[in-house]
Amino acid sequence: MQLSFAEKKAEEATKLPAFPVNFHKVRSHVETVLTEWKTSGFFQEYTDHSFIHVRDMLQTVEWLIPPETQSEMTSADWFMLVLAIYFHDMGLIITRAEFEGRYKCPSGDFENRRNRLADFGLRVVRGCDSFCAFESRKEAAMWTI
Numbered sequence: 058m059q060l061s062f063a064e065k066k067a068e069e070a071t072k073l074p075a076f077p078v079n080f081h082k083v084r085s086h087v088e089t090v091l092t093e094w095k096t097s098g099f100f101q102e103y104t105d106h107s108f109i110h111v112r113d114m115l116q117t118v119e120w121l122i123p124p125e126t127q128s129e130m131t132s133a134d135w136f137m138l139v140l141a142i143y144f145h146d147m148g149l150i151i152t153r154a155e156f157e158g159r160y161k162c163p164s165g166d167f168e169n170r171r172n173r174l175a176d177f178g179l180r181v182v183r184g185c186d187s188f189c190a191f192e193s194r195k196e197a198a199m200w201t202i
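Going by our numbering, the letters in the sequence shown line up with residues 58 to 202, in that order.
Careful, some of the hints might be misleading.
Once the Cα atoms are required to be at most 30 Å apart in a straight line, the calculated DSSO-like pairs of lysine-lysine come out as [claimed, not checked]:
1. K82 / K66
2. K82 / K65
3. K72 / K82
No lab work stands behind these hints, which were simulated from the structure alone.
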């Protein structure tokens, strides 16, 4: 796994006490989930939002952020930016049934799903081993909105 410039800068933050995260594991888990999204057969008409899209965005920030700004950014700045790029499309991970029933969802159910998704994000950031232990797409869907 070759890291981009932004990811290398972000990885430096994991040496700080505030970010005790297994960066490579988070990246691997996000790549696995987004690859599953690509093969799920849902949202076929959308542009590719697999990990290839993440790599493209990581390359984009290198030319989008001016060099003088990049030099002022801390490893924590890079870490938060890279995590935002990693996670920005996780809301696309839904089943067809969830998509078709999106307007039938009682407000309390939406709140529960939102809370589960927030918990899911925390598990990923903490490098939870169970993240990739999903036995099926259906099980993964329970964590999504």
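Item to check | Distance restraint between K72 and K82, which requires alpha-carbon spacing of 30 Å or less | outcome: holds, 15 Å
Checklist entry - Straight-line Cα separation of K82 and K66 no greater than 30 Å? => result holds, 16 Å
Item to check | Proposed proximity, K65 with K82 (alpha carbon, max 30 Å) | outcome: With a Cα-Cα distance of about 14 Å, the restraint between K82 and K65 holds, given a limit of 30 Å.
Consistency with the previously given hints is maintained throughout, with no hint failing.
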